[in-house]
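Undergrad: Just so you know, the sequences run in chain order F and W. Counting along the first sequence from 1, when you hit position 287 you're at 286 in numbering that gives the first Met the number 0, and nothing is skipped either side. Counting along the second sequence from 1, when you hit position 91 you're at 90 in numbering that gives the first Met the number 0, and nothing is skipped either side.
Since the hints were derived computationally from the structure, they do not count as laboratory data. None of the values given here were measured: they were computed from a predicted structure. Where hints are given, some of them may not hold.
[What the hints assert, rightly or not] Computed list of chain W residues with no C-beta within reach of chain F, every gap over 12 Å:
#1 E29
#2 V30
#3 K37
#4 P107
[Unchecked claim] Below, simulated DMTMM-like cross-link-like pairs (lysine to aspartate or glutamate); rule was C-alpha separation at most 20 Å, straight line:
#5 W:K96 to F:E158
#6 W:K71 to F:D431
#7 W:K91 to F:D269
#8 W:K71 to F:E197
#9 W:K109 to F:E539
#10 W:K96 to F:E6
#11 F:K383 to F:D367
#12 W:K37 to F:D431
#13 F:K247 to F:D269
#14 W:K42 to W:E68
#15 W:K96 to F:E272
#16 W:K109 to F:E6
#17 F:K553 to F:E571
#18 W:K109 to F:D431
#19 F:K385 to F:E350
#20 W:K37 to F:D37
#21 W:K109 to F:D57
#22 W:K96 to F:D269
#23 W:K109 to F:D56
Glycine included, each C-beta is placed from N, C-alpha and C at the ideal position.
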Amino acid sequence: MIDTFRETFREEALEILAELENSLLQLDEQPEDAEVIDRVFRALHTIKGAGAMAGFDDVADFTHDIESVYDLVRSGQIPATSDLISLTLAARDQIKTMVISSFGGEAAEPVETARIMEAFRALLPRVAAPTLEKAALPPSAGARGPEVTYRIRFRPSRELFHRGINPLGLLRELDRRGHCRIVAQTDVIPPLEELDPELCYTYWDVILTTTEDIEDIRDVFIFVESESELTIDVIDDGGLLDQDGDYKRLGEILVERGDLPAEDLQRILDEKERLGDILLERRLVDGFKIESALIEQEEIKGLRLGRQNLESVASVRVRSEKLDNLVNLIGELVTVQARLTQTAAGSRNAELEAIAEEVERLTWDLRDQVLNIRMLPIGSTFSKFKRLVRDLSSELGKNVSLVTEGAETELDKTVIERLHDPLVHLIRNCVDHGIEKPQERAAKGKASQGKVYLSASHSGATVILEVRDNGAGLNRGAIRARAVKRGLLPPEGEISDRELFKLIFLPGFSTAEKISTVSGRGVGLDVVRRVIEEMRGTVEVSSPDGEGTVFTIKLPLTLAIIDGLLVKIGAESYVFPLSAVEECIELKGEDAARSHGRNLVNLRGEIIPYIRLRDQFSVHGVPPEIEQIVVVQLASQRVGFVVDQVVGEHQTVIKSLGRMYQGVSGLSGATILGNGSVALILDLRQLLQMQEEAEDLFSEGLQQSLRQMTRS
Amino acid sequence: MNKTKKIMAVDDSPSIRQMLSFTLKQAGYEVVEAVDGKDALAKFAAENIQMLITDLNMPNMDGITLIREIRKNSANRFMPIIMLTTESQETKRQEGKAAGASAWIVKPFKPEQLLGVVRMVLA
């Protein structure tokens with residue numbers, strides 16, 4: 000259809016241009032003939048308007064300033080000189096070329112076009128561009144913003160009808176823009192004998208909820224706003240501010256609208272009757288105004304309650320035990336899936352293997368989703384510690400503040416609960432032992448206020464928590480002296496910072512110069528370590544020179560399923576928590592013999608004691624010629640556990656041992672392997688403790704070995 | 000509903016009349032065309048017109064004079080009239096409103112803009 004418009008315009012334009020040429024030539028002979036000037040102006044006006052409508056933007060743009068010049072000519076502000084007429088004739092030729100070029104003709108010369116436009120522009124006075132009044136537009140199909148509710152009062156001019164405007168058309172247009180409630184206010188309609196039926200006495204109150212902005216709403220009234228009173232107020236902004244489901248009282252709405260003086264409202268409220276009834280009874284407010292205010296109240300309350308319901312649907316409270324049951328079922332599913340995978344692999348059935356692979360993928364996805372349900376931001380724990388630091392500072396006569404970071408980091412709910420005490424201990428340690436007293440800090444040129452930093456972050460399948468202070472740092476000399484005194488270190492022994500600092504986690508190890516009631520007799524840190532390790536985490540401490548002390552805790556994301564290292568001893572299977580395992584090495588017969596009967600092995604220069612699990616679990620039979628030593632990190636030392644065979648990593652679903660086995664030491668649980676058999680999960684710390692009790696001289700042996708190593 | 004409404008489109012430009020006529024007919028209105036104010040007045044008496052859309056600059060009789068003549072007849076005092084203007088014709092628009100125009104549309108306009116204004120004014 001647009002092509003037809005263009006065709007029509009071309010024909011029209013060519014006719015107009017021919018007539019324009021004649022008019023210009025005539026104007027050249029009669030420069031002051033108003034009728035001829037009008038004809039010239041109209042030709043230019045039509046070409047511009049019709050050209051724009053038909054899509055000839057270049058023609059419309061070119062003609063715009065020329066038309067403006069001739070508007071001034073016809074109002075007598077510019078004379079129609081011979082030069083102007085020559086210029087206009089050149090412009091006419093240019094327009095013709097533009098029109099013809101759109102249908103395959105030669106393009107208009109740009110330089111000539113620019114020259115002509117510039118010449119016409121020079122004739123125009125330099126006035127500021129008038130503010131454009133745009134015609135009202137239908138709602139745009141752009142992105143929908145949030146819904147906003149407006150209160151609109153439209154009081155039109157009484158002579159509205161004389162311009163042929165029906166206000167119902169405007170109100171109907173509002174109704175198309177969104178959800179609309181309209182009340183007609185008729186309080187100023189005069190008695191019948193005074194009524195002029197050609198005047199508009201009514202005005203309207205509108206409550207409109209829409210996604211359009213206030214300018215679009217105002218545009219509905221663009222043809223009448225200069226003679227009307229129009230107020231548009233935002234009364235609900237779509238929940239951008241915190242709001243409850245409530246809204247203003249009736250009286251407040253009426254006062255805000257100017258329908259009721261505030262003093263009248265106050266006087267009436269003292270009488271404690273229903274406000275609306277009193278207002279009506281005393282004719283203080285018109286009935287329709289009360290109705291409109293009540294509609295406003297009803298609409299906004301409804302909107303806000305609706306939003307609350309929407310928000311409440313966004314989260315559902317679930318009892319923890321339901322989640323625990325779900326996690327348990329996931330564990331069972333993991334076990335069955337492992338059996339399916341193993342069966343499929345043995346069946347040499349390609350289709351079955353493909354199905355098993357699919358089930359495995361779905362199982363892990365489901366596991367991740369379910370475990371994620373139990374995750375909570377650790378920030379809920381962080382907030383309590385600020386108070387702790389404040390109270391501790393007060394008690395110790397220090398000036399310390401707590402800075403937290405990573406509060407949004409998510410951990411398993413159980414992990415968060417069990418972390419509380421260890422974190423309390425570490426923070427106490429920082430405030431008590433780490434941060435100096437204000438005068439000491441001042442003497443060192445430090446700020447008088449010390450800081451404790453508490454941060455959390457994710458790293459792979461691990462959560463990293465850091466408790467750090469900007470205090471004095473660990474006292475290497477004091478720790479070493481303490482270690483020597485307790486026989487943990489030979490007097491001349493060399494030891495790395497890392498190994499040295501680990502000693503502070505041993506039971507009873509404390510270097511505090513005096514015992515304080517806050518941190519007790521150095522019992523905190525070994526408890527911290529034990530709790531962390533029970534959660535299969537690790538805790539380390541470092542003290543960079545001049546930078547205070549840093550405790551770093553690493554934890555698995557969940558406690559229900561662990562990465563395990565599956566091993567065999569005889570016909571039995573056991574699982575080591577993989578987080579504790581450092582490496583596996585071979586143990587040859589002659590190596591064992593060369594240790595003079597002691598269970599010791601030389602690992603790249605380091606003497607490592609090891610425990611034979613065959614002996615501990617009384618496994619009979621002949622061990623293989625080459626056994627494996629699983630080297631683990633326990634407390635502050637490395638220990639080896641000798642097994643027959645290392646099978647490999649294994650996703651281990653932890654099951655509790657039955658009630659009958661609660662008293663068994665050395666095991667922390669069990670799991671079911673893919674073939675349906677049971678594997679026992681080792682409690683490495685208990686195993687070490689059992690061995691130490693079995694060999695009274697274990698520690699002595701360690702000390703002797705350390706001394707021998709020193710001498711060599 | 001719209002089929003009972005008859006609109007007169009007055010413009011000396013054939014292509015603009017064509018655009019107006021096509022758009023309004025597509026929306027279900029009946030359309031009567033006139034080439035200028037004089038032609039419009041002559042045709043107006045013979046037709047039952049419910050709305051007028053008129054350009055302002057036309058030979059023989061311009062749009063503002065046409066509006067005044069239409070409004071003189073008491074039968075047409077409340078009929079909606081839309082004038083077609085350009086953005087540089089603010090004073091003309093004010094004259095048109097004073098003469099009794101109900102609304103205006105600025106050229107160039109898109110069909111949906113035309114229909115939007117017609118819908119608001121022709122209740």
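Undergrad: Now, for every hint given, state plainly whether the structure supports it.
TA: Structure-based check of each hint:
no.: 1; hint: E29; in the structure: holds (18 Å)
no.: 2; hint: V30; in the structure: holds (15 Å)
no.: 3; hint: K37; in the structure: holds (14 Å)
no.: 4; hint: P107; in the structure: violated (3 Å)
no.: 5; hint: W:K96 to F:E158; in the structure: holds (12 Å)
no.: 6; hint: W:K71 to F:D431; in the structure: violated (97 Å)
no.: 7; hint: W:K91 to F:D269; in the structure: violated (58 Å)
no.: 8; hint: W:K71 to F:E197; in the structure: holds (15 Å)
no.: 9; hint: W:K109 to F:E539; in the structure: violated (72 Å)
no.: 10; hint: W:K96 to F:E6; in the structure: violated (34 Å)
no.: 11; hint: F:K383 to F:D367; in the structure: violated (30 Å)
no.: 12; hint: W:K37 to F:D431; in the structure: violated (101 Å)
no.: 13; hint: F:K247 to F:D269; in the structure: holds (18 Å)
no.: 14; hint: W:K42 to W:E68; in the structure: holds (13 Å)
no.: 15; hint: W:K96 to F:E272; in the structure: violated (51 Å)
no.: 16; hint: W:K109 to F:E6; in the structure: holds (18 Å)
no.: 17; hint: F:K553 to F:E571; in the structure: violated (31 Å)
no.: 18; hint: W:K109 to F:D431; in the structure: violated (77 Å)
no.: 19; hint: F:K385 to F:E350; in the structure: violated (59 Å)
no.: 20; hint: W:K37 to F:D37; in the structure: holds (17 Å)
no.: 21; hint: W:K109 to F:D57; in the structure: holds (18 Å)
no.: 22; hint: W:K96 to F:D269; in the structure: violated (51 Å)
no.: 23; hint: W:K109 to F:D56; in the structure: holds (14 Å)
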